[in-house]
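Let chain U serve as the given structure and place chain E on it in line with the hints.
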Amino acid sequence: MSSSVGIVTAQRATFEQPLTFKSGAVLPRYELMYETYGTLNADKSNAILICHALSGHHHVAGYYAEDTKNIGWWDNMVGPGKPIDTLKFFVIGLNNLGGCHGSTGPSSIDPATGKPYGSSFPVVTVEDWVNAQARLADQLGIQRFAAIIGGSLGGMQAMQWALAYPERVAHVLAIATAPHLTAQNIAFNDVARSAILTDPDFHGGNFYEHGVVPTRGLRLARMLGHITYLSDDAMADKFGRELRHGKLNFSYDIEFQIESYLRYQGDKFAAYFDANTYLLMTKALDYFDPARELDGDLNRAFAAAKAKFLVVSFTTDWRFSPARSHEIVHALLHNRRDVSYAEVTSDHGHDSFLMEDTQYIAVMRNYLDGIAEGISK
Amino acid sequence: MNASIIQSRPDFAAIAAWIPEGSAVLDLGCGDGSLLRYLRETRKVVGYGVEISDANVATCISNGVNVIQNDLESGLADFENDAFDFVILSQTLQATKHTEALMKEILRVGREGIVSFPNFGYWKNRMQVMLGNMPVSTDMPYQWYDTPNVHLCTLHDFENLCATHEVGILARHVMTEGNDVNVLPNLLGSMAVYRVKRAA
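Just so you know, the protein sequences line up as chains U and E, in that order.
Quick note: the first sequence uses this note's numbering, first residue 1, plus one each step.
Quick note: the second sequence uses this note's numbering, first residue 1, plus one each step.
Next comes chain U alone, as it looks inside the complex (with noise of 0.2 Å):
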């Protein structure tokens, strides 16, 4: 039987040694929000790390003492006897470096300046965050990972970690990802940042000295995201044409259950996301791309790569499509490295990776599994 891991503490990591990011910035010390599932086996070998994708932290599974309402967000994957089973690993989620959940952001205070970041947080990348996490692997004493995983932005964290530090990650688990983002995805997310951007309350990101938050302009980038996440049956499923109060109003208060629906996710989001951490989050999507500076050829890239890939796409992603997996798919072929990808039957888009389908619980249970037995040898 599955249970919760129960009652969870966050930590908080502290890095007093300088981090350079890709852009050449620096950020002289910072720190990182951890939480800790399972027990770490005596030789560090069944270490698992969970990278968070868009809106994601820390929190990935159970509760906290103080706040019982508070479950992890991958909770239905996290815990004992669950397919990520803290029984046998020792799992950690993290929130990324210009999150907004306690590590170290646009949010936090500049110890040069004594203010927020604000809008002098650097812009930070995959390759960024990837460098910091292995960082905290090491203050954890974790040389390698049993397995690292994640789905969306989180799959390109794990993916990374297989081409930035190949001895140091024995299985990536790769879920509803891509190798980089279309145009259309890229044109998304400057829909979404410009939303923020043209916000007046988001004055060019210094907002928290103007004791203001630019709520409009992040709630219109999280109604678009939220349609892209999902898709096109699974919103005609739930709510069709269905209007609110049963007749048309002719006039553009909400009249459609969709409309209420999207501004009801757009407002619960906007109350406790910061808008410089999703600007930062979209255009770290927008920049991850391994082929880059190999003339766009993914086989090169992955030609690093010495981890046992597990790649799962959903059929209605259309965000990051099961086209797109086949990429990351091809190059791991090329390379002759092992793979398995499947590919789960799902009508909730994008958001599949967060549901609990039967077969893509399965297929992850089983991979765990195999990953755990190897351990145990």
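Treat the hints as calculated values from the structure; they're not laboratory data.
Please read these numbers as outputs of a predicted model, since none were measured by experiment.
Careful, some of the hints might be misleading.
In silico contact screen, one side only, chain U against chain E (beta carbon under 7 Å); selected entries [to be verified]:
#, residue
1, I186
2, A187
3, H330
4, S340
5, Y341
6, A342
7, Q359
8, A362
9, V363
10, Y367
Ideal Cβ positions, reconstructed from N, Cα and C, are used throughout, including at glycine.
Chain E in isolation, oriented as in the chain U frame:
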């Protein structure tokens, strides 16, 4: 485990016999991954399977076999020319719709192909047809209305396809209930395994 696999699938041993140690192998329609697992354990192959069924994909992963979930009928676009030493199509040919196109793809991706299928010309099958029914046997255990088999053929038929499609036959192994058949194979063999390559 190996022994039981070989008993239930006599074509596996025939296939394995042609595969040198350490070969790169692609198994099309790999099912639960038994053949690949068998080849990995006995021949140390670097292997991948292609499989469409969800249940089989999950089982392959459980078996520690590399599996790519895809429909064979849509081609082998994930794979490059000459990517494999051997491409195997075991007991699947007869269930493919685009058989001609697939044969071409097999020999694009593989330096050699290994194809096994039930022989429709086996005398017991002929008898059943003569007596007025579609054949049902161990190798073709389906009723006409629920069979996945759409392109059943005899050894002659397959060899004709090869002759007209620039497919060279390197070797042939014909069996009935696991025993080799050397006399009148198209009549006495219930199943055949062919080793083929692009005809120069």
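Next on the checklist: Output the indices of the hints that this structure fails to meet, ascending.
Outcome noted: 1, 2
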